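Number of protein chains: 2
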Amino acid sequence: MPRILISDGMSDEAIRKLRELEYEVIEKHYSQDELLSGVLNNYDAIIVRSATKLNGQVLSTVEEGKGIKFIGRAGVGVDNINIEEATKKKIVVCNTPQSSTQSVVELTIGHLISSTRHIATGDRKLRKNIWAKKELRGTELSGKNLGLVGFGRIAQGVSKVASALGMNIHCYDPFIDESIANENNCTIHANVNDLFKNCTHISVHCSLNKDTYHLVNQERINMMPEYGFDGSKCGRHIVNCARGGIIDEEGAFIALNNGDLMSLALDVYENEPLYKSRLIELENFHGSPHIGASTVEAQNRIGQEIVTLLKDFFSDKRPPN
Amino acid sequence: MPRILISDGMSDEAIRKLRELEYEVIEKHYSQDELLSGVLNNYDAIIVRSATKLNGQVLSTVEEGKGIKFIGRAGVGVDNINIEEATKKKIVVCNTPQSSTQSVVELTIGHLISSTRHIATGDRKLRKNIWAKKELRGTELSGKNLGLVGFGRIAQGVSKVASALGMNIHCYDPFIDESIANENNCTIHANVNDLFKNCTHISVHCSLNKDTYHLVNQERINMMPEYGFDGSKCGRHIVNCARGGIIDEEGAFIALNNGDLMSLALDVYENEPLYKSRLIELENFHGSPHIGASTVEAQNRIGQEIVTLLKDFFSDKRPPN
Numbered sequence: 002m003p004r005i006l007i008s009d010g011m012s013d014e015a016i017r018k019l020r021e022l023e024y025e026v027i028e029k030h031y032s033q034d035e036l037l038s039g040v041l042n043n044y045d046a047i048i049v050r051s052a053t054k055l056n057g058q059v060l061s062t063v064e065e066g067k068g069i070k071f072i073g074r075a076g077v078g079v080d081n082i083n084i085e086e087a088t089k090k091k092i093v094v095c096n097t098p099q100s101s102t103q104s105v106v107e108l109t110i111g112h113l114i115s116s117t118r119h120i121a122t123g124d125r126k127l128r129k130n131i132w133a134k135k136e137l138r139g140t141e142l143s144g145k146n147l148g149l150v151g152f153g154r155i156a157q158g159v160s161k162v163a164s165a166l167g168m169n170i171h172c173y174d175p176f177i178d179e180s181i182a183n184e185n186n187c188t189i190h191a192n193v194n195d196l197f198k199n200c201t202h203i204s205v206h207c208s209l210n211k212d213t214y215h216l217v218n219q220e221r222i223n224m225m226p227e228y229g230f231d232g233s234k235c236g237r238h239i240v241n242c243a244r245g246g247i248i249d250e251e252g253a254f255i256a257l258n259n260g261d262l263m264s265l266a267l268d269v270y271e272n273e274p275l276y277k278s279r280l281i282e283l284e285n286f287h288g289s290p291h292i293g294a295s296t297v298e299a300q301n302r303i304g305q306e307i308v309t310l311l312k313d314f315f316s317d318k319r320p321p322n
Numbered sequence: 002m003p004r005i006l007i008s009d010g011m012s013d014e015a016i017r018k019l020r021e022l023e024y025e026v027i028e029k030h031y032s033q034d035e036l037l038s039g040v041l042n043n044y045d046a047i048i049v050r051s052a053t054k055l056n057g058q059v060l061s062t063v064e065e066g067k068g069i070k071f072i073g074r075a076g077v078g079v080d081n082i083n084i085e086e087a088t089k090k091k092i093v094v095c096n097t098p099q100s101s102t103q104s105v106v107e108l109t110i111g112h113l114i115s116s117t118r119h120i121a122t123g124d125r126k127l128r129k130n131i132w133a134k135k136e137l138r139g140t141e142l143s144g145k146n147l148g149l150v151g152f153g154r155i156a157q158g159v160s161k162v163a164s165a166l167g168m169n170i171h172c173y174d175p176f177i178d179e180s181i182a183n184e185n186n187c188t189i190h191a192n193v194n195d196l197f198k199n200c201t202h203i204s205v206h207c208s209l210n211k212d213t214y215h216l217v218n219q220e221r222i223n224m225m226p227e228y229g230f231d232g233s234k235c236g237r238h239i240v241n242c243a244r245g246g247i248i249d250e251e252g253a254f255i256a257l258n259n260g261d262l263m264s265l266a267l268d269v270y271e272n273e274p275l276y277k278s279r280l281i282e283l284e285n286f287h288g289s290p291h292i293g294a295s296t297v298e299a300q301n302r303i304g305q306e307i308v309t310l311l312k313d314f315f316s317d318k319r320p321p322n
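Taken in sequence, the protein lines are chains C and U. Remember, the numbering used here sits 1 above the position in the first sequence when you count from 1. Remember, the numbering used here sits 1 above the position in the second sequence when you count from 1.
Bound conformation, chain C alone (with noise of 0.2 Å):
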């Protein structure tokens, strides 16, 4: 029966249905020199998330046949992963781009709130027994314009959320379905410059490459109004829960520190985990630890995924993702 690595853990649920299966299961984490020496050819499918660093080095040491034919990536992105050497070696590789939409959508949604009312700052002082009521007050998100850098699955549940809470949404996205932005009322422009000009609010909901890289800057943060449309000075605000490194985080850190940018709330870095970065000198960015994905349903989702896709693999059945 096929031996599969999973890498980066994965539901016990999902585990105990690929053992169910017969399926040779083995949790275990290599290290980067373990994956170099060849331990790749010992298994036929490896399960990772995002730790786990398939590169071309790691990949040229699988030997076509013998060792993995398929990758399994328990998540959405995977540029911890070379696709070009998994494919010379002819290694399917899978994702489960849809199972954690909804888990990313309200930590984007929390985020934002946790922005504009200073919610981890009021509780990092609670805990300080300092009563900043006073220097705390906040902003409302409706009357506001949303601005959304991409428009897929996740940008557009983000919009349902912030059309209830009373936003108007805007976005760019060069590969975008024109229905499906009517559908959700979202002004469509035509370049990114101009989704800025237009929008107090800018969340991130595109996939990290060349276009992409330092996408949010020092430069469009200033294009980006100071005011909403309902009047009120809202300043300017910006949320990533998708990948680091299309903010640039220097340039963030200096619109924060001189007051252009109101406030940055981030999910995801430049360099992960974070360390000793200056943004957390600063009272108005806000962070969490790269868990947009992290939550109990979305690791069940993504578990029952997997199953299905080595499934599928292992009985000939070509695979969706």
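Quick caveat, the hints were computed from the structure, so don't treat them as lab data. Remember, predicted model here, so these are calculated numbers, not experimental data. Glycine included, every Cβ here is placed at the ideal spot set by N, Cα and C.
Just a few of them, taken from the derived set where beta-carbon distance is under 7 Å, the chain C residues facing chain U:
id	residue
1	Ile114
2	Leu137
3	Thr140
4	Ser233
5	Pro274
6	Val297
Starting from the structure of chain C, add chain U where the hints point.
Same frame as chain C, but now just chain U:
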């Protein structure tokens, strides 16, 4: 012209408008001793938020026909004003119940997601350079029952956003308008216990009175289910952005500490300012310093409403609230 005392601050725009009406506006916060010494006889009206305590003793110093004839509460709750004594002295008391609705709605949703996704905790750890990705697994709001204690304007606003997040809405309100509940797809419960027995998430939106004092207590917390209707184990979550005292903080502390309660988020407390509470020792508590109405937009609307109320009062029109 009327002399108006602004005791706890008001929006600049509203003060400017009062001066345009040629009212004499004095911005000054008196101590409780000064209030007891009869200073209210130097004014025709006083505008307070929650900091100024106009209790029976203070109001008994007012001389009818000479002192204040009007108390404006820039906000909702009037528990800092002794209405009985005010009535005796023929002082009209008005509040501005609608102005802060949206701000409280947004803070409530923000606290709900901050609880289920550990936003304050994650940020606190990031600032200590701790990448707590693994331990901060959360749960989704989608697929869960939200129980609203009270179904007035704020609860209705919360229900709209929570529905967009995929929650099912339940409520208990002895004064409920059933047609409004039906419009909001809200399941009405006949008593408080039934509400708790059906909901993994509870948010408080009633006023504080003898019937609601310690309405949320350890016994009721233990009535709540720990699984959502989607089958996932999310635990029990409670939010209070209404009034301190509705939650028994001692009981909630015990439930949080022994794991019966998964999270508690408070904007209001039994004693404010919160100081040296045991709650801040717990990771699964987070709080804000009574900032429900503390937004630029709410304060502007409150100011405008107070101006209208004063104008109507001093031109002999009957105020609405």
